[in-house]
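Q: Spelled out, the chains give:
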Amino acid sequence: MNALILVRIHTLAVLRELMRTPAFIIPTVGFPAMFFALFGLPYARSSSATADFIMCSYAAFSLVGVTLFQFGVGVANERGRPWERYLRTLPVSIVTRFAARVSVALIFGLAAAGLVALEARLLTPVNFTAAQWLVLTGYTLCGAAPFVLLGIAIAYWVAPRGAMPVTNIVYLLCSFAGGFWMPPQYLPSIAAAVSPYLPTRQYGELVWSVAQSGHDARTAALALVAFGIAFAIVGAVGYRRDERARYA
Amino acid sequence: MIRFDNVSKSYGDVRALSDVSFDIAAGEIVALLGPNGAGKTTAIEILLGLRHADEGTVEIAGHLPQSMEARSHMAATPQNTGFPDSLTVREVVTFAASHYRRPRTVDDALRAFELEELASKRLGSLSGGQQRRVALALAFVPDVPLVLLDEPSTGLDVESRRRLWEQLRASVDGHHTVLFTTHYLEEAEALATRIIVIDRGTLRFDGTPDTFRRRFGSRRVDYVGEPLPGRNGEVQRVGDRTVVTTADTDAYVRELVRAGIAFHDLRITQSSFEDIFLEITGARS
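Protein chains in written order, with my numbering: chain A, 1 to 248; chain B, 249 to 533.
Chain A extracted, bound-state conformation (with noise of 0.2 Å):
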């Protein structure tokens, strides 16, 4: 069969399951924007500059909590599922259920960062152009790429029951010392240093460089590039051991 035609029917089915499973699709979605409403709103409404560089932190933080969840955790839980052995008798081949499942991952992440964006619009001066707007919106899909792969290392690595706390871990102190809750240069020292070094920094450089001058977008681009390499060597290696063990 037409590979895009299953990644959308596969997109299609794993949608259907998640979205019929309130308790997971309104926090994963909600989260984001809860968080902004907590530790966001009340800085960003000093002044529009404030306001556009703290919506950008948190659409950034939107996307990875979404894809590291989505394969950290999801990914974790379905190896082992018997509904996973009957999908690999299907004749559909795993590059096509990466796609849809990256399809999924996206379409949660940009709902989770729009309900930041809506709230950020109703609630703060934040002022975008409609270029700013659709910039953004590509570096925060392209700039999520490392954290898909994150997300597959952990969920190959980690065993089932270890991988939703490990996901946690690894996204809130990310998401901290990245700079997503407050701008680095406020980071308590020890985050502050190893913050240029994690790939949650280098994706809100990424995007902050949509809001205001000082943030070298292309360097960005390029620690993500080697970010998500290194992640995907690490997955695939975890990747092959699985498929070692339990279909070899």
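To be clear, the hints were calculated from the coordinates, so they are not data collected in a lab.
Fair warning: this is a prediction, and the values are worked out from it, not measured in the lab.
Where a beta carbon is used, it is the ideal one built from N, C-alpha and C, also for glycine.
Mixed in with the good hints, there may be bad ones.
Claimed, not checked - Per label pair, the in silico range of CB-to-CB distance:
| id | chain 1 | residue 1 | chain 2 | residue 2 | range |
| --- | --- | --- | --- | --- | --- |
| 1 | B | Thr450 | A | Asp242 | 28 to 36 Å |
| 2 | B | Gly376 | A | Leu172 | 39 to 47 Å |
| 3 | B | Arg359 | A | Asp242 | 36 to 44 Å |
Starting from the known structure of chain A, arrange chain B on it as the hints suggest.
A: For chain B alone, coordinates are given in the frame of chain A:
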């Protein structure tokens, strides 16, 4: 349709299959029998491309089991259902069908396994028996030449199992080749045109159900009366009845008449599949 040639497979020190060979031609309905741990599931997993044989050659319609070509030629049921709970019956059957070139219609597949009324129910709300039927619908909706069923009726009560057999028989027509595993001999007898028995990883029997009985099935003469003198071992006395196990029941009856022993209520019975099976596998299932 299936080539399974000198296949061996070990998991660490455990030898799951050792040098097992069988070819299956188009149109055959084959029961793969064996007690738990015999190697049935390993054989099916190798055919499905879920595991690799350590040695030997495996082909599905001339293709390697892992290849897309092989996978488009065959369909399977999951052994443990474990469906995505929140999808409906119709959705999951449609999902399976959409991977194949010329599937049956979804309605047709639902009808074949009496699932029309459950079509809009979520999989998580179905009973075990209903889920087994959905699993079978998933294997038959693709309408591909080869269907592999791993323990299609495990966990069902006797009545549901018989119903399932009827539905299976109705779904299999001349152009399907079916290989199913089971540990119910009755199921093999009800559905299969050929029986393959594996035990402890080795092939113990391969032939028609008739040959199977003839080779392993001893017959019994059972009557009210005295036994023939001079026969030991195979003679049992149950109350006033004599039960004699012998390969040639006709000869025994002839001798009985010749010896002038009075008897009545004489019956000749064949041992059941279960008895035969215990005999082959050494009463260890």
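Q: A separate judgement is required for each hint: does it hold in the structure or not?
A: Results for each hint:
Judged by the Cβ atoms, the range 28 to 36 Å given for B/Thr450 and A/Asp242 holds: they are separated by roughly 31 Å. A hinted range of 39 to 47 Å holds for the C-beta pair B/Gly376 and A/Leu172, which are about 41 Å apart. Range check, B/Arg359 to A/Asp242: Cβ separation about 40 Å, and the 36 to 44 Å hint holds.
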